[in-house]
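Residue numbers (full-length UniProt numbering): 1 to 245.
Simulated from the structure, these hints should not be mistaken for laboratory data. Possibly wrong hints are sitting among the right ones.
Label pairs and their computed distance ranges (CB to CB) [as the list claims (entries may be wrong)]:
| id | residue 1 | residue 2 | range |
| --- | --- | --- | --- |
| 1 | His52 | Gly122 | 30 to 40 Å |
| 2 | Thr174 | Arg29 | 16 to 26 Å |
| 3 | Thr90 | Ala226 | 40 to 50 Å |
| 4 | Pro108 | Gln229 | 47 to 57 Å |
Since this is a predicted model, take the numbers as computed values, not measurements. Built from N, CA and C at the ideal position, the CB exists for glycine as well.
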Amino acid sequence: MKPWFEVRDLYLPRAPHFTLHVEHLSLERGEVLAIVGPNGCGKSTLLLALAHILKPVQGEIRLNGHLPANDLAYRRQIALVLQDALLLNTSVWNNVTLGLRFRGLPRPEVRRRAEYWLERLGIRHLAHWPATKLSGGEAQRVSLARALALEPALLLLDEPFAALDAPTRERLYTDLQAIWRETQTTTLLVTHDLEEARRLGTRLGIMLAGRIVQMGAPEEVLARAAGEQVGAYLKHSHPKRAFNP
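Whole structure, please, built from the sequences with the hints as guidance.
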């Protein structure tokens, strides 16, 4: 059986001394894969490449076993949430419905999806509020509602909790985990926070210097590092925990 999402031999030079090279990456439907690594290792570059915002010089990306017919067909099946919410200077409602309207969905369907996700993420009372007046946590909830309303085949999350305070981050963790259980949305999350990756990912990947160097169930990866470099990274990220290479 073929994976729901699969990447093979993705190659993207970004600087004289840095290249993203992902030999193989796959996700099953409903899986949450958390990629963790230090700043500058290529996590965001990976997501931008998977979102077709950056164009790899080679590589193959398949959804449900098929190569997308074109960029537009592929982009219509994914949604990307960045660390900065990047909301438009208009109402929360207009931000959440933007992608739905752009895709030409009927008005009743746009309303149904927007109302559902505003309610589900606890921001329905902000529907007519200016998006630029929101707190960081509220803005990120709007960004997530906008993405989830698209009902994407693949949700890409680029450090969406990094700028939030601890209580806000914890509430979003809880809500997002419940949403994943309910919707089975296939998700790729990148983060520099090892504990966040462990908590949210059904599978954990370690990225160093543009390559995914280890992948597995979170506790398996944390129990046995694949080599000295991974062990050193894990120890630096979680100094109170012992890691065995």
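Hints and how they fare:
For histidine 52 and glycine 122, the Cβ-Cβ distance of about 31 Å falls inside the hinted range of 30 to 40 Å, so the restraint holds. The given range of 16 to 26 Å is respected by threonine 174 and arginine 29, whose C-beta atoms sit roughly 23 Å from each other. Threonine 90 and alanine 226 have their C-beta atoms about 47 Å apart, which keeps the hinted 40 to 50 Å range intact. The hinted range of 47 to 57 Å is satisfied by proline 108 and glutamine 229, whose Cβ atoms lie roughly 54 Å apart.
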